[in-house]
Amino acid sequence: MGHLKLDQLIDLAEGPQPESSLPHLIECSACRGQLADLRAMMAAAADVDVPEPSPLFWDHLSARVHEAVAAEGAPRRARMWLGQWFRGRWAMPLSAVTLAAVVIVAMMTLRVGRGPDARTGPPATFDEVAASEPMTWPEDPSLDLVADLAAEVDADLVVAAGFDTHEKASDKAVSQLTAGERSELQRLLKEELARRGA
Amino acid sequence: MAQSLTWTLPGTWRPVRDLSATRREPAPGLVAEDSPDLPADAAFGDLDESALVEASLAGRAGAFDAIVERHRRPVYQLCYRFVGNHEDASDLSQDVFLRAYRGLRRFRGRSSLATWLYRIGVNVCLNRLSVKRPQTESIEEQQHVDTRSESAPERVLRHERAARVRAAIAQLPRKQRATLVLRMYQELSHQEIADVLGSSVGAVKANFFHALSNLKKLLGDELL
Chain Z
1 MGHLKLDQLI DLAEGPQPES SLPHLIECSA CRGQLADLRA MMAAAADVDV
51 PEPSPLFWDH LSARVHEAVA AEGAPRRARM WLGQWFRGRW AMPLSAVTLA
101 AVVIVAMMTL RVGRGPDART GPPATFDEVA ASEPMTWPED PSLDLVADLA
151 AEVDADLVVA AGFDTHEKAS DKAVSQLTAG ERSELQRLLK EELARRGA
Chain Y
199 MAQSLTWTLP GTWRPVRDLS ATRREPAPGL VAEDSPDLPA DAAFGDLDES
249 ALVEASLAGR AGAFDAIVER HRRPVYQLCY RFVGNHEDAS DLSQDVFLRA
299 YRGLRRFRGR SSLATWLYRI GVNVCLNRLS VKRPQTESIE EQQHVDTRSE
349 SAPERVLRHE RAARVRAAIA QLPRKQRATL VLRMYQELSH QEIADVLGSS
399 VGAVKANFFH ALSNLKKLLG DELL
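Same order as they appear, the protein sequences are chains Z and Y. The first sequence: position 40 = 40 (the working numbering), numbered continuously. The second sequence: position 72 = 270 (the working numbering), numbered continuously.
Hints listed in this document are in silico derivations from the structure and should not be mistaken for laboratory results. Glycine included, each C-beta is placed from N, C-alpha and C at the ideal position. None of the hints are false.
Chain Z regions said to be covered by chain Y (calculated; three or more residues, Cβ under 8 Å):
#	region
1	31 to 42
2	52 to 64
Short derived list, chain Y residues pointing at chain Z, Cβ under 7 Å:
#	residue
3	263
4	292
5	406
Produce the entire structure from the sequences given, and follow the hints as far as they go.
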């Protein structure tokens, strides 16, 4: 009889499956050892607390969220325009870099290695794009950065920003960048490259 | 009037005159039309999640406040598990709720609101970790843990042990780490974790197994 599978070991370690239901465990010291290790690691991890913040913190957090939501306005029916999102005062510092990645994903989707019939097929989902085969490109540090950023793009954010992940939507998104936004994108890419020492 | 403190972006304290006044102020664009079907703001705490979402979408500012109040602790704790310090965790918690608010129309109720918020939280936290390596708090900064039942040496030992485990968890691959956090600390079921991470129950169990195995490798036998 083979060793226990991963999911069997997890079910045993977590408790829903009794050890007596798997006779292999009695005769296999390797599986018993693995089970003991899993349980020990679960016990060690369970012992790590999150420090309780000040009691005042929770109301302060609610107030911060309330203020941020107030600055947003009502939940949107339609998708936000790129320019509005780009100018958002709260989202700006982190999201600007992510915007770069979003735009780059759009450009990569348009430019790189799709089959001849790709444009006639159904739109690719974000996961399909992210999981597609690695692509080759010339040695250029900015493209390395692009690859890194694109790998970190969050699909929710892409959609929230008013983009979609199929090709025509990406095309539209790229074309909507103003000269100022393009300039800002270049600046951010340069900053990121400098930060990474590329 | 007594002054209190509130957070301002990007995470510095500033005094405000009256926090409660700030909370009552309606958000621009959030002034709802009178609706006989929607309760007064004071009654939002009694509504179920779908009613709260509906009321938020209808423009009732108090409804989203109630959602925040209900979920702020688990969301903060999730963020803290990823970044290991209060300041980043509180900033990220705000970001999670803000993004939830922006995307509220896309919440279909197929999962619980908590699961949906966790999904946003995991994305936000992993994105942050890819941009900035967080500064883990020192033991001295973690002031609010209840330690009354421990002796001083026990407390030091527990803190050291927790710090080693936390550091090891921080080294896990992203999906393993997210799986471990959601399973061990947020106590989500395997199915809920699969919903959050967009994977299968089998993949969740495999990730959890590998997370624990990698923890063992990282920690060695020192904690066994």
